[in-house]
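There are 2 protein chains.
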Amino acid sequence: MALDAMGADGGVSVTVSGALSALKDHPGDLEVVLVGKPEAVEPELSRLGAPEEGISIKSASEVVRMTDAPSSVLRHKRDASIRVCFDLHRAGEVDAVVSAGNSGATMAVGMVVMGRAPEVDRPALASIFPGLLSPTVILDVGANVDCTASMLAQFGFMGSVYAREVLGAKSPLVGLLSIGEEGGKGNLVVRQAYEHLKASSLNFAGNVEGRDVFSSEVSVVVCDGFVGNVCLKLSEGLLSAYNQLVKNEVMRDLRGRAGAMLLKPAFKRLANRMDYENFGGAPLLGINGVAYICHGASSPKAIASAIGLAMESVNTQVDKRVSEGLAQYRGELLGEPETKSE
Amino acid sequence: MALDAMGADGGVSVTVSGALSALKDHPGDLEVVLVGKPEAVEPELSRLGAPEEGISIKSASEVVRMTDAPSSVLRHKRDASIRVCFDLHRAGEVDAVVSAGNSGATMAVGMVVMGRAPEVDRPALASIFPGLLSPTVILDVGANVDCTASMLAQFGFMGSVYAREVLGAKSPLVGLLSIGEEGGKGNLVVRQAYEHLKASSLNFAGNVEGRDVFSSEVSVVVCDGFVGNVCLKLSEGLLSAYNQLVKNEVMRDLRGRAGAMLLKPAFKRLANRMDYENFGGAPLLGINGVAYICHGASSPKAIASAIGLAMESVNTQVDKRVSEGLAQYRGELLGEPETKSE
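Here the protein sequences line up with chains F and Y, keeping their order. In this text, residue positions in the first sequence follow numbering that gives the first Met the number 0: the first is 0, and each later residue adds one. In this text, residue positions in the second sequence follow numbering that gives the first Met the number 0: the first is 0, and each later residue adds one.
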């Protein structure tokens with residue numbers, strides 16, 4: 000597993016301690032290669048107490064900043080930590096890449112270095128939302144801002160494979176994000192995608208609305224990368240604004256402060272449940288390999304959880320399964336009998 | 000003011016008591032015409048104790064169901080309560096319409112009966128989000144699912160006029176909803192709209208992201224009706240899922256229940272602040288008239304607050320101001336000096 004040691008808002012201490020925590024979670028199963036500037040990584044590693052096995056450093060002299068354009072990273076930063084991560088993956092030296100750096104650059108480098116998986120038109124970034132009933136995969140959340148109906152249908156297949164293989168959903172229910180439950184509702188592309196998905200072999204639930212994302216039984220929500228990215232950030236902003244408001248109101252008087260003290264354990268359990276830290280990474284699906292992109296503000300726990308999901312993705316060979324899923328879809332489009340089965 | 004008495008999930012008792020509560024809030028200033036089936040409205044009115052003045056009933060024999068298609072309502076339900084509301088408005092017998100019924104049908108009937116305001120290409124439904132700093136107008140939230148860049152720019156002008164005239168924002172800051180702060184970020188239409196808005200005389204803040212909607216200083220957030228509607232419903236769903244989780248966790252043990260009792264006043268203040276009830280209606284901007292569309296699940300308080308906003312819109316002649324705003328924008332496009340000023 001290659002971890003971009005340089006790419007997190009919290010700096011090297013976050014990535015290194017995330018790696019150490021993942022090693023504790025998966026003793027003997029995991030090797031982490033910390034990719035970055037040795038002069039930054041080494042001191043942190045000795046400070047935190049590196050184990051004798053399972054962790055190593057691979058030097059990379061450059062760092063991608065949050066403001067770097069993906070195209071310029073690709074052209075000019077050949078020795079950036081995220082580039083070296085994917086070079087290692089391509090060379091077969093690691094099975095997966097985890098990065099909390101510039102997500103646009105990570106996606107671009109990942110797609111270019113690893114290449115698209117067979118049968119895949121457009122890789123997609125999937126995010127895992129904690130739901131009331133079960134986690135929900137929502138994709139695309141930012142890799143493709145202008146999508147065709149056929150791309151959306153492919154996302155449905157990719158998300159379905161991921162929910163089944165990595166999240167353990169038996170026959171994942173796939174919903175299409177729209178603005179009304181009936182098939183005729185939505186914009187032009189979504190209305191066409193509805194027909195594609197309805198005709199497919201997926202377990203298609205039809206349209207779902209914004210309010211269903213957190214509470215319905217669907218395991219996969221399909222949308223274009225613009226809408227998905229807005230949803231992701233809106234949810235983050237809303238919860239943080241709401242928590243701020245709760246705090247302001249509660250701390251205004253003694254009664255509130257006493258109540259808050261009593262409720263501390265309950266809110267801790269809640270935070271644990273809702274926190275994206277438990278699904279710390281967004282898988283980049285449809286490339287020839289396994290890559291997880293973490294939030295820039297990731298905690299060590301979020302990094303460790305992304306590493307755990309990446310291991311599960313490697314074990315289930317999710318990239319191959321995604322290709323098979325899309326091959327099946329192409330077969331359906333041609334009206335041929337399924338050429339592959341599970 | 001015409002109120003569609005039949006259009007609320009909670010039935011006639013909700014709309015009638017909303018009207019009575021609005022009358023109490025604005026004594027002497029307000030007359031409400033309850034439009035609907037007299038045999039349903041009258042008993043409710045006497046049960047709740049109708050005041051001697053300020054309220055009357057206008058008979059409408061048909062009711063629009065939530066499942067009715069807007070086009071079929073327009074063609075076949077000429078005596079539906081929502082249709083009669085707009086007929087009254089068009090005839091000048093009322094100054095505004097408030098409805099918590101089928102929102103698609105309300106928009107369609109409102110646009111057809113009232114007509115577009117001068118200079119307006121496409122009316123838009125605007126929703127008012129309670130923000131951390133101040134209320135934010137987000138539009139479009141469902142009237143136009145496929146938008147051009149020029150439509151988005153017009154929404155910016157309409158939202159700016161509304162924020163200034165009705166919400167009292169001095170020089171409303173307008174943001175364009177996208178997936179990155181820089182102007183080059185977003186889908187094709189949004190990138191073009193950025194250029195339109197940047198070249199305009201609006202107080203344009205550039206792109207805003209989903210996470211800024213609740214916390215930034217912008218008073219107006221521009222997006223297409225598909226994205227806006229998804230955002231609206233996602234926010235609703237997220238808060239309701241979150242509150243359910245809070246309840247579950249808090250009520251699990253005695254300590255939690257005691258804490259909850261202490262925090263009751265704080266959470267009541269909070270609910271009061273966040274609740275969409277305080278901005279109970281979404282204005283339909285760009286028609287020749289004033290119309291507010293309320294959530295189907297509206298409470299009497301939400302109805303009353305929508306009536307209050309509608310009064311403010313009438314007093315400030317927001318429909319005329321919207322036309323003037325768009326005339327100004329057209330002037331800018333032609334490179335002419337401003338032909339109208341405040």
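Treat each hint with caution, since some may be false.
Said to hold, decoys possible - As a list, the in silico DSSO-like pairs of lysine-lysine whose alpha-carbon atoms are at most 30 Å apart:
hint: 1; chain 1: Y; residue 1: 23; chain 2: F; residue 2: 267
hint: 2; chain 1: Y; residue 1: 23; chain 2: Y; residue 2: 197
hint: 3; chain 1: F; residue 1: 246; chain 2: Y; residue 2: 197
hint: 4; chain 1: Y; residue 1: 319; chain 2: Y; residue 2: 300
hint: 5; chain 1: F; residue 1: 263; chain 2: Y; residue 2: 267
hint: 6; chain 1: F; residue 1: 36; chain 2: F; residue 2: 57
hint: 7; chain 1: F; residue 1: 300; chain 2: Y; residue 2: 267
hint: 8; chain 1: F; residue 1: 246; chain 2: F; residue 2: 319
hint: 9; chain 1: F; residue 1: 184; chain 2: Y; residue 2: 246
hint: 10; chain 1: F; residue 1: 246; chain 2: Y; residue 2: 246
hint: 11; chain 1: F; residue 1: 246; chain 2: F; residue 2: 23
hint: 12; chain 1: Y; residue 1: 319; chain 2: Y; residue 2: 267
hint: 13; chain 1: Y; residue 1: 57; chain 2: Y; residue 2: 300
hint: 14; chain 1: F; residue 1: 267; chain 2: Y; residue 2: 184
hint: 15; chain 1: Y; residue 1: 319; chain 2: F; residue 2: 246
hint: 16; chain 1: F; residue 1: 263; chain 2: Y; residue 2: 263
hint: 17; chain 1: F; residue 1: 197; chain 2: F; residue 2: 319
hint: 18; chain 1: F; residue 1: 23; chain 2: F; residue 2: 184
hint: 19; chain 1: Y; residue 1: 319; chain 2: Y; residue 2: 263
hint: 20; chain 1: F; residue 1: 263; chain 2: Y; residue 2: 246
hint: 21; chain 1: F; residue 1: 267; chain 2: Y; residue 2: 197
hint: 22; chain 1: F; residue 1: 263; chain 2: F; residue 2: 246
hint: 23; chain 1: Y; residue 1: 23; chain 2: F; residue 2: 246
hint: 24; chain 1: Y; residue 1: 197; chain 2: Y; residue 2: 184
It should be emphasised that the hints constitute simulated quantities derived from the structure, not laboratory data. Remember, it's a predicted structure, so these values are computed and weren't measured experimentally.
Consistency of the hints with the structure:
1. Taken as a hint, the residue 23(Y) and residue 267(F) pair is broken in the structure, with Cα atoms around 44 Å apart against an allowance of 30 Å.
2. Among the hinted pairs, residue 23(Y) with residue 197(Y) is inconsistent with the structure: their alpha-carbon atoms are about 45 Å apart, more than 30 Å.
3. Of the supplied pair hints, the one linking residue 246(F) and residue 197(Y) is violated, its CA atoms being roughly 37 Å apart against a limit of 30 Å.
4. For the hint linking residue 319(Y) to residue 300(Y), the alpha-carbon distance of about 28 Å falls within 30 Å, and the restraint holds.
5. For the proposed pair residue 263(F) and residue 267(Y), the alpha carbon gap of about 19 Å is at most 30 Å, so the pair holds.
6. Among the hinted pairs, residue 36(F) with residue 57(F) is consistent with the structure: their alpha-carbon atoms are about 8 Å apart, no more than 30 Å.
7. Taking the CA atoms of residue 300(F) and residue 267(Y), the gap is about 34 Å. The hint is violated against a cut of 30 Å.
8. For the given pair, residue 246(F) sits about 47 Å from residue 319(F) by alpha-carbon distance, which is inconsistent with the 30 Å threshold.
9. Between residue 184(F) and residue 246(Y) the CA atoms are separated by roughly 34 Å; this puts the pair beyond 30 Å, and the hint is violated.
10. Taking the CA atoms of residue 246(F) and residue 246(Y), the gap is about 17 Å. The hint holds against a cut of 30 Å.
11. Restraint check for residue 246(F) and residue 23(F): the C-alpha separation of about 34 Å exceeds 30 Å, so the hint is violated.
12. Pair hint residue 319(Y) plus residue 267(Y) does not hold up; C-alpha atoms about 38 Å apart against a cutoff of 30 Å.
13. Proposed proximity of residue 57(Y) and residue 300(Y) is supported: the alpha carbons are some 22 Å apart, at most 30 Å.
14. A distance of roughly 37 Å separates the Cα atoms of residue 267(F) and residue 184(Y); the hinted pair therefore is violated under the 30 Å criterion.
15. Using a Cα cut-off of 30 Å, the hinted pair residue 319(Y) and residue 246(F) is violated, with the two alpha carbons roughly 42 Å apart.
16. As the CA atoms of residue 263(F) and residue 263(Y) are separated by approximately 15 Å, the hinted pair is consistent with the 30 Å bound.
17. Distance restraint check for residue 197(F) and residue 319(F): the Cα-Cα separation of roughly 24 Å lies within the 30 Å cut-off, and the hinted pair is therefore satisfied.
18. As the CA atoms of residue 23(F) and residue 184(F) are separated by approximately 49 Å, the hinted pair breaks the 30 Å bound.
19. Of the pairs offered as hints, the one joining residue 319(Y) and residue 263(Y) is violated, with about 44 Å between alpha carbons and a cut-off of 30 Å exceeded.
20. Taking the CA atoms of residue 263(F) and residue 246(Y), the gap is near 13 Å; set against the 30 Å cutoff, the hint holds.
21. Proposed proximity of residue 267(F) and residue 197(Y) is contradicted: the alpha carbons are some 44 Å apart, above 30 Å.
22. In summary, the hint linking residue 263(F) to residue 246(F) is supported, as the alpha carbons are separated by about 12 Å, within the 30 Å threshold.
23. As the CA atoms of residue 23(Y) and residue 246(F) are separated by approximately 34 Å, the hinted pair breaks the 30 Å bound.
24. Restraint check for residue 197(Y) and residue 184(Y): the C-alpha separation of about 14 Å stays at or below 30 Å, so the hint holds.
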